[in-house]
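Spelled out from the first residue to the last, the chains are:
There are 2 protein chains.
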Amino acid sequence: MTTTIVDAKSYKRLLQELEQHRKQHERLKLLFNVTRNITRELTIDRLLLRIMDEVKNVLNCDRCSVFIMDEENQELWAQVAHGGDEIRFPSHLGIAGYVATTGETLNIPDAYADHRFNPNIDKQTGYRTRNILTIPMRNKMRNIIGVFQALNKFGGPFTRDDEELLDAISAISAGQIENAQLYEEQKKTFDSFIETLATTIDARDPMTAGHSKRIAMYSDEIAQIVKLTDAEREVLRTAALLHDYGKIAVREAVLTKKGRLTPEEFEHIQSHPEFTRRILRKINFSRKLKDVPEIAGAHHEKIDGTGYPQGLRDKEIPKLSKILAVCDVFDALTSQRPYRDRMSFFKVLHIINRGAGTDFDDFYVAALKKIRLDRILLILEDEHKENLRPGDLRFLSHFTLTDLMFVYAVDEPTPEQQKLVRVFTKYYVQNYEEVR
Amino acid sequence: MTTTIVDAKSYKRLLQELEQHRKQHERLKLLFNVTRNITRELTIDRLLLRIMDEVKNVLNCDRCSVFIMDEENQELWAQVAHGGDEIRFPSHLGIAGYVATTGETLNIPDAYADHRFNPNIDKQTGYRTRNILTIPMRNKMRNIIGVFQALNKFGGPFTRDDEELLDAISAISAGQIENAQLYEEQKKTFDSFIETLATTIDARDPMTAGHSKRIAMYSDEIAQIVKLTDAEREVLRTAALLHDYGKIAVREAVLTKKGRLTPEEFEHIQSHPEFTRRILRKINFSRKLKDVPEIAGAHHEKIDGTGYPQGLRDKEIPKLSKILAVCDVFDALTSQRPYRDRMSFFKVLHIINRGAGTDFDDFYVAALKKIRLDRILLILEDEHKENLRPGDLRFLSHFTLTDLMFVYAVDEPTPEQQKLVRVFTKYYVQNYEEVR
Chain A
18 MTTTIVDAKS
28 YKRLLQELEQ
38 HRKQHERLKL
48 LFNVTRNITR
58 ELTIDRLLLR
68 IMDEVKNVLN
78 CDRCSVFIMD
88 EENQELWAQV
98 AHGGDEIRFP
108 SHLGIAGYVA
118 TTGETLNIPD
128 AYADHRFNPN
138 IDKQTGYRTR
148 NILTIPMRNK
158 MRNIIGVFQA
168 LNKFGGPFTR
178 DDEELLDAIS
188 AISAGQIENA
198 QLYEEQKKTF
208 DSFIETLATT
218 IDARDPMTAG
228 HSKRIAMYSD
238 EIAQIVKLTD
248 AEREVLRTAA
258 LLHDYGKIAV
268 REAVLTKKGR
278 LTPEEFEHIQ
288 SHPEFTRRIL
298 RKINFSRKLK
308 DVPEIAGAHH
318 EKIDGTGYPQ
328 GLRDKEIPKL
338 SKILAVCDVF
348 DALTSQRPYR
358 DRMSFFKVLH
368 IINRGAGTDF
378 DDFYVAALKK
388 IRLDRILLIL
398 EDEHKENLRP
408 GDLRFLSHFT
418 LTDLMFVYAV
428 DEPTPEQQKL
438 VRVFTKYYVQ
448 NYEEVR
Chain B
18 MTTTIVDAKS
28 YKRLLQELEQ
38 HRKQHERLKL
48 LFNVTRNITR
58 ELTIDRLLLR
68 IMDEVKNVLN
78 CDRCSVFIMD
88 EENQELWAQV
98 AHGGDEIRFP
108 SHLGIAGYVA
118 TTGETLNIPD
128 AYADHRFNPN
138 IDKQTGYRTR
148 NILTIPMRNK
158 MRNIIGVFQA
168 LNKFGGPFTR
178 DDEELLDAIS
188 AISAGQIENA
198 QLYEEQKKTF
208 DSFIETLATT
218 IDARDPMTAG
228 HSKRIAMYSD
238 EIAQIVKLTD
248 AEREVLRTAA
258 LLHDYGKIAV
268 REAVLTKKGR
278 LTPEEFEHIQ
288 SHPEFTRRIL
298 RKINFSRKLK
308 DVPEIAGAHH
318 EKIDGTGYPQ
328 GLRDKEIPKL
338 SKILAVCDVF
348 DALTSQRPYR
358 DRMSFFKVLH
368 IINRGAGTDF
378 DDFYVAALKK
388 IRLDRILLIL
398 EDEHKENLRP
408 GDLRFLSHFT
418 LTDLMFVYAV
428 DEPTPEQQKL
438 VRVFTKYYVQ
448 NYEEVR
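Chains as they are written, first to last, in the working numbering: chain A, 18 to 453; chain B, 18 to 453.
The reader is advised that the hints may include incorrect statements.
The list treats identical chains as one, so a pair stands whether inside a single copy or across any two.
[To be verified] Below, in silico cross-link-like pairs of lysine-lysine (DSSO-like), each with a Cα-Cα straight-line distance of 30 Å or less:
| hint | residue 1 | residue 2 |
| --- | --- | --- |
| 1 | Lys307 | Lys157 |
| 2 | Lys402 | Lys299 |
| 3 | Lys157 | Lys40 |
| 4 | Lys170 | Lys332 |
| 5 | Lys244 | Lys157 |
| 6 | Lys364 | Lys402 |
| 7 | Lys387 | Lys140 |
| 8 | Lys402 | Lys307 |
| 9 | Lys29 | Lys140 |
| 10 | Lys244 | Lys305 |
Keep in mind the hints are simulated off the structure, nothing from the lab.
Produce the complete structure using the sequences and hints provided.
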């Protein structure tokens, strides 16, 4: 065996260096995986939860929070769990606020020995903070856009290596978070634009004020009941808000005429779904929304082929249009007219039922009838929600439209059934006589 | 000196391992930097150029292309330079097509010795390909969404290490590219939505068909002449397209009345900018577009305070509204009416000039007059561009509105000046008498 004589100190150093490289290699590989996982998310909620999860794993600690700077309100906010819950506080408070303000990294090995730590939070939550690592998050212009905070490293305080690793993750996250914010802002702008457009179009005819927004809400209730995907729900919501866009091309005199329409005027009004389709087709909808024009344009088609504009039959009608169709009529029948009461709810349900299988698809009529009564009232009274008493809503949440129909059908309703009708009717019937 | 005796082979292996770790460490650090730079871009063009640059640096090669799969058209496309130029080809062709179809990595040390290489491209471009590394790019569902291709590694063919590195970059890029695509699709949908809305609102009044789109185009010409930022241009364009949104609330009978308006009707029409502002304020505009409602709502204000709805004066009027104001009047004066000729251009310029300093801001009137005549015609004839002869447009591109005014002012125009008036007038004057 050939041997070599080396200086013991150098040899030891060599082994140490190798060990260090191995470790760093491991960490860089970890970092790469974190990065890959982070870059896959574009919605801010999911992105933040993902980042927090990844940091917990990589730093081997109990908790991680990402606080985002809200410049406008001078606040820091953080996502606390799935579902959009968040906490907010003034951006100069606490350790996170200190780091956001000064840009310093704070690695605190013993939280309770540090005067900047506020033990009240632990008191409130029952959590026991031991050590904390808090670093600023900077964007490419080097502005602080948030703060990373890791809590309770397992087996002792955070190391210098942890600081570096979190710093690297923070650098990657910053760009990704800004991208997600841009994306969400853009989406919000688009959504509120569509909603505003729907409202302005409805407003041309006082009879239909708020109609499109309510259809969107009823449709979404059905969507949840029949378990549509999130993607379908978004298409349905957009089509619902825009289904009457074509009315912009209907002459005002016809749209708002009080008396009976002439056959020519009737035909003119009936052209609106076709206008909707034609106008919407000019919009360069994204792939996920590409069917909106067809769906919105078919909201007056009927199962038996007697609808318009195309006279499509059952299977030819897009399923989302079938949902719009039943919600459209339901809203029309239950809508308030200026100083005139709503149609009796018994009659509304009767008309909808009678149309099942000819006008409307049975399946979606059944789904409509499964909507909870508290949801119905919240939609009906969308602009006066403050009048609805929480106790009444809680009570009504145990019943659906079907339950109400059943009560109408029995000869001798129980006290609870009587209460159901009484509470619902209290809000449904406006009693304009009394008001005036 | 303490010494240690070690097995020579192990020692050598130790040194090799250390060297390898050092190298890998360097590469991982490079990779991290690439990642950080890539995650900062959200617009697809800039992202792709950035990725290609980074890969060239990291792999030490002469070129890099990222081919993106266009599923709908079964094509691969790539950005070739700043400014949006792209190449496209069927997604099964060439080495990129082979990799996109099979999912294999191809590391070709000598291009001309490989039968899959198509030397025609080199022949066309004059480039000399030596070695090529081509790898598929997969998204998180492991679908191939594109292909990375690196050309001509300096100092020999690509190594196994290069393959791994490019693979890692590709994994990161895939997520980022998909995000950028989503963002751009969403932006396109929003933009075309606004444009469609503008068109539908203009269409209610045949007198103003296409008006909003033209104002957006004139405004953008001025924006470029006075060197507004890209962000300002986007705000201006949005405000221009939406400036007449409030007309949706103006009664049709008044909007389309042929004869003279009563004072009450005139006041009603004058309420439209205020409606515009109120409606647009309901939209949850993103930060970058937040001033759109104010800007759009002030397009009828005048420098001397005699405008409406607020009677703002010079410095109180947003500068982008001042641009809208001058373009609004310019378009109104030069618009075709159904079967009626446009106002003489001499008269138009006279009216605009007369209003400078009282109605309009001098500075933007001056900018308007700097617009090239070919651009003016392209906007005026937006819907009949095919009638404009390329030679005439080229000739007109050497002159501005100011030049045309100058010709009107001289007593004896030169032959070129005469040609200028003749060519411009040929398109500007519609000669409906002759047509009918």
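These are the hints, each one checked on the structure:
no.	hint	result
1	Lys307 <-> Lys157	between (35 Å within a copy, 23 Å between copies)
2	Lys402 <-> Lys299	between (37 Å within a copy, 19 Å between copies)
3	Lys157 <-> Lys40	both (29 Å within a copy, 28 Å between copies)
4	Lys170 <-> Lys332	neither (59 Å within a copy, 58 Å between copies)
5	Lys244 <-> Lys157	between (42 Å within a copy, 25 Å between copies)
6	Lys364 <-> Lys402	within (24 Å within a copy, 58 Å between copies)
7	Lys387 <-> Lys140	neither (45 Å within a copy, 69 Å between copies)
8	Lys402 <-> Lys307	between (34 Å within a copy, 29 Å between copies)
9	Lys29 <-> Lys140	neither (49 Å within a copy, 58 Å between copies)
10	Lys244 <-> Lys305	within (18 Å within a copy, 37 Å between copies)
Of the numbered hints listed earlier, those contradicted by the structure are 4, 7, 9.
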